[in-house]
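Visitor: Each chain, letter by letter, is given below.
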Amino acid sequence: MTASPAGPILAVAGRGLPLRGHDIDTDRIMPARFLRSVTFEGLEQHLFEDDRAADPRHPFNDERYAGAAILIVNANFGCGSSREHAPQGLAQSGIRAIVGESFSEIFQGNAAILGVPCFAADPLSLDRLQTLVEHTPAVTIDAHVDTGVISAGPLRFTAAVPPALRDAFISGQWNPTAMLLDRFDEVRLVADRLPYVSGF
Amino acid sequence: MADTLFHKVWNRHAVRALSSGQTQLFIGLHLIHEVTSPQAFDMLRQHGWRVAYPNRTFATVDHIVPTLARRRPFLDLMAEEMTAALERNCRDFGIQLWSSESREQGIVHIIGPELGLTQPGMTIACGDSHTSTHGAFGAIAFGVGTSQVRDVLASQCLALDPLKVRRIDVNGRLSPGVYAKDVILTIIHQLGVQGGVGYAYEYGGSAIDRMTLEERMTICNMSIEGGARAGYVNPDETTFAFLRGRPFAPSGESFDRAVDWWRSIASDPNAPYDDRVALDAGSIEPTVTWGINPGQSVRISERIPADGDREALAFMGFAPNAHVRGTPIDVAFIGSCTNGRLSDLEEAARIARGHHVAPHVKALVVPGSQGISRAAEARGLHQVFIDAGFEWRGAGCSMCLAMNTDKLEGRQVCASSSNRNFKGRQGSPTGRTLLMSPAMVAAAAIAGEVVDVRTMLEEIPA
Ligand code: SF4
Chain A
1 MTASPAGPIL
11 AVAGRGLPLR
21 GHDIDTDRIM
31 PARFLRSVTF
41 EGLEQHLFED
51 DRAADPRHPF
61 NDERYAGAAI
71 LIVNANFGCG
81 SSREHAPQGL
91 AQSGIRAIVG
101 ESFSEIFQGN
111 AAILGVPCFA
121 ADPLSLDRLQ
131 TLVEHTPAVT
141 IDAHVDTGVI
151 SAGPLRFTAA
161 VPPALRDAFI
171 SGQWNPTAML
181 LDRFDEVRLV
191 ADRLPYVSGF
Chain B
1 MADTLFHKVW
11 NRHAVRALSS
21 GQTQLFIGLH
31 LIHEVTSPQA
41 FDMLRQHGWR
51 VAYPNRTFAT
61 VDHIVPTLAR
71 RRPFLDLMAE
81 EMTAALERNC
91 RDFGIQLWSS
101 ESREQGIVHI
111 IGPELGLTQP
121 GMTIACGDSH
131 TSTHGAFGAI
141 AFGVGTSQVR
151 DVLASQCLAL
161 DPLKVRRIDV
171 NGRLSPGVYA
181 KDVILTIIHQ
191 LGVQGGVGYA
201 YEYGGSAIDR
211 MTLEERMTIC
221 NMSIEGGARA
231 GYVNPDETTF
241 AFLRGRPFAP
251 SGESFDRAVD
261 WWRSIASDPN
271 APYDDRVALD
281 AGSIEPTVTW
291 GINPGQSVRI
301 SERIPADGDR
311 EALAFMGFAP
321 NAHVRGTPID
331 VAFIGSCTNG
341 RLSDLEEAAR
351 IARGHHVAPH
361 VKALVVPGSQ
371 GISRAAEARG
381 LHQVFIDAGF
391 EWRGAGCSMC
401 LAMNTDKLEG
411 RQVCASSSNR
421 NFKGRQGSPT
431 GRTLLMSPAM
441 VAAAAIAGEV
451 VDVRTMLEEI
461 PA
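For the protein sequence lines, the chains are A and B, in the order given.
Taking our numbering, the leading residue of the first sequence gets 1, the next gets one more, and so forth.
Taking our numbering, the leading residue of the second sequence gets 1, the next gets one more, and so forth.
Worth double-checking, as some hints may not be accurate.
Below are the EDC-like pairs computed for lysine to aspartate or glutamate, each with C-alpha atoms no more than 20 Å apart in a straight line [stated by the list, open to error]:
#1 B:164 with B:302
#2 B:8 with A:192
#3 B:8 with B:214
#4 B:8 with A:186
DEER-style ranges, computed between Cβ atoms [as the list claims (entries may be wrong)]:
#5 A:127 with B:54: 36 to 46 Å
#6 B:310 with A:193: 29 to 39 Å
#7 A:147 with B:175: 30 to 40 Å
#8 B:47 with A:154: 25 to 35 Å
#9 B:209 with A:189: 46 to 56 Å
#10 A:53 with B:102: 34 to 44 Å
Hints are computed from structural coordinates only; laboratory data are not their basis.
Quick reminder that beta carbons are idealized off the backbone N, C-alpha and C, glycines included.
With the hints as extra help, turn the sequences into a complete structure.
Guide: Have a look at this one:
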């Protein structure tokens with residue numbers, strides 16, 4: 001199902017994969033025809049399939065970035081369809097954190113549930129990080145969930161994970177189902193007070 | 001204290017503050033479909049969890065379901081497998097399902113309102129980003145991913161951060177030939193595709209007040225394309241009149257009690273908003289997209305900006321400063337949860353009547369639900385379309401996301417009443433989508449190129 005880790009996620013370290021461009025939507029990350037399955041298996045093979053076919057130099061085709069753990073994007077990454085198949089594919093391909101200028105909220109939430117933090121940083125730092133990785137693909141990037149500090153080679157800047165998600169990663173509660181099921185009596189109380197549930 | 005509908009509904013559904021800082025929110029209505037639910041049911045089984053509120057969960061098939069050759073088993077083996085999986089899951093977990101043969105089947109965001117499941121003051125979740133559609137009734141509706149579908153199945157709750165509320169007033173009157181679709185495309189153009197991040201959009205003002213529920217659904221539907229997580233309109237007499245007599249709406253005296261409650265959750269006149277924006281309805285023109293996101297649009301009389309995004313221009317094959325008007329089209333698609341309702345088909349039929357689709361154009365009309373299909377057929381609309389050379393299909397999402405065989409080929413250009421013009425969205429990696437109102441799609445189908453629908457309306461006596 002998913003290859004995502006369990007427990008607290010304090011930091012992610014690994015090589016980077018720079019993917020430039022704004023408003024990269026989930027139809028591009030995972031075209032709809034790969035949603036034709038009752039499982040999430042094998043999705044990593046189809047990441048950016050159409051973009052990769054159209055552009056042999058697409059970063060996801062580039063051998064130098066094979067095995068990268070940190071995806072570096074620009075603004076509004078993951079906009080569009082709520083399909084979890086997009087972050088599932090990324091997580092299965094080994095991406096464990098995403099650094100970008102901004103993210104669609106649905107995408108960011110979907111990624112968090114899979115244990116993949118999305119860090120928001122300023123455009124200048126991102127450009128520097130992308131350029132650094134383009135020139136030195138082997139450089140190790142360290143992304144700290146608690147402090148938001150991201151460092152790679154000579155670069156060091158701060159990025160933000162939204163506080164609620166940050167705390168969830170630190171406490172290990174980023175997959176909320178167990179929390180939601182805990183104290184189910186309180187759920188019933190709220191439901192019973194709603195007139196459309198109890199009957200008008 | 002004066003408050004917005006968003007906060008009133010949120011507070012009435014908040015279970016508790018989670019240690020993560022998020023709020024555990026009770027979900028009053030959960031809608032599921034064949035594409036984003038099978039993995040969620042698998043996860044449920046793995047953990048040995050049950051569905052917490054099967055009677056607040058409803059299912060249909062829409063995304064992959066064929067719009068031709070609907071006899072079971074489907075010729076498309078994957079459509080058959082995904083439909084059969086949903087049928088099995090709903091049976092195992094005790095969930096009401098309207099499958100492909102059912103008279104109620106249709107796009108999830110169309111049948112919820114049609115059956116009266118969608119009601120003011122509810123929280124609603126569905127594994128599809130256009131769940132914001134249900135906000136037209138004064139509900140707070142969230143599109144979610146598959147793991148959250150699992151969470152809602154297991155706990156009837158979501159862990160969410162609160163949103164800010166932006167009030168968008170659309171005042172004045174729309175001119176003839178200008179539709180709800182043009183209003184929302186204009187809003188997205190002005191505020192940007194990321195403009196709504198962190199917000200719920202509350203739509204109001206005299207133009208919205210005058211709109212039917214179908215028009216309000218078109219507006220709320222595309223909130224997500226403007227980056228907003230939800231969009232809504234406060235419930236009013238129009239809303240109550242729409243709901244009266246629907247199968248799942250309260251009836252008799254309960255209906256009156258429900259109306260009292262629905263009124264009470266509407267935003268108060270002096271409610272505080274985090275932001276306010278106003279638009280003049282009279283200044284809106286028929287609008288078309290030229291690029292690869294729904295914010296890249298122009299009024300039909302306007303040229304594409306000289307500094308338009310280069311990647312978008314190159315993909316679409318447009319030059320800067322060019323007109324979209326006059327662009328030859330290959331395919332015309334009328335349908336989707338944005339514009340596949342009866343009034344959309346009526347407007348399109350008004351244009352199509354007595355004309356014929358241009359010989360080089362493949363034109364499809366896909367009603368949003370079987371209910372709409374029957375209503376349209378009762379009015380003879382299907383015959384208008386068929387006589388004009390459109391194909392009249394069975395209900396489903398069809399070319400909105402091209403998961404079945406309805407898709408573009410190669411670099412075809414499609415005039416589409418759907419909601420997304422992303423690269424590859426309509427099934428061909430190089431296919432090109434021009435978003436516009438259903439009337440504009442019908443006009444383009446007939447002319448064989450993008451035209452200003454107002455020129456065709458002049459020929460039709462009002
Ligand atoms: S019509 Fe399109 S947007 Fe609407 S539910 Fe279907 S796929 Fe999603």
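Visitor: Note whether the CB distance of residue 127 of chain A and residue 54 of chain B lies within 36 to 46 Å or breaks it.
Guide: Violated, at about 50 Å.
Visitor: Holds or violated: 29 to 39 Å for the Cβ distance of residue 310 of chain B and residue 193 of chain A?
Guide: Distance hint for residue 310 of chain B, residue 193 of chain A is violated at roughly 55 Å.
Visitor: Falls inside 46 to 56 Å, the C-beta gap from residue 209 of chain B to residue 189 of chain A?
Guide: Distance hint for residue 209 of chain B, residue 189 of chain A is violated at roughly 36 Å.
Visitor: Could one say that the CB atoms of residue 47 of chain B and residue 154 of chain A fall in the range 25 to 35 Å?
Guide: With a Cβ separation near 46 Å, residue 47 of chain B and residue 154 of chain A fall outside 25 to 35 Å, so the hint is violated.
Visitor: Run the distance test for residue 8 of chain B versus residue 192 of chain A: straight-line Cα separation, threshold 20 Å.
Guide: Holds: residue 8 of chain B and residue 192 of chain A sit about 17 Å apart, inside 20 Å.
Visitor: Please work out if residue 164 of chain B and residue 302 of chain B have their alpha carbons no farther apart than 20 Å.
Guide: Violated, because 33 Å separates the two Cα atoms, which is more than 20 Å.
Visitor: With the threshold set at 20 Å, check whether the alpha-carbon distance from residue 8 of chain B to residue 186 of chain A stays at or below it.
Guide: Holds. Residue 8 of chain B to residue 186 of chain A sits at ~19 Å (cutoff 20 Å).
Visitor: Look at the Cβ atoms of residue 53 of chain A and residue 102 of chain B and judge whether their distance stays inside 34 to 44 Å.
Guide: 39 Å Cβ-Cβ, so the 34 to 44 Å window holds.
Visitor: If you check the beta carbons of residue 147 of chain A and residue 175 of chain B, does the distance land in 30 to 40 Å?
Guide: Check failed, 55 Å falls outside 30 to 40 Å.
Visitor: Please work out if residue 8 of chain B and residue 214 of chain B have their alpha carbons no farther apart than 20 Å.
Guide: The hint is violated at about 24 Å.
In this structure, the earlier hints numbered 1, 3, 5, 6, 7, 8, 9 are contradicted, and the remaining ones agree with it.
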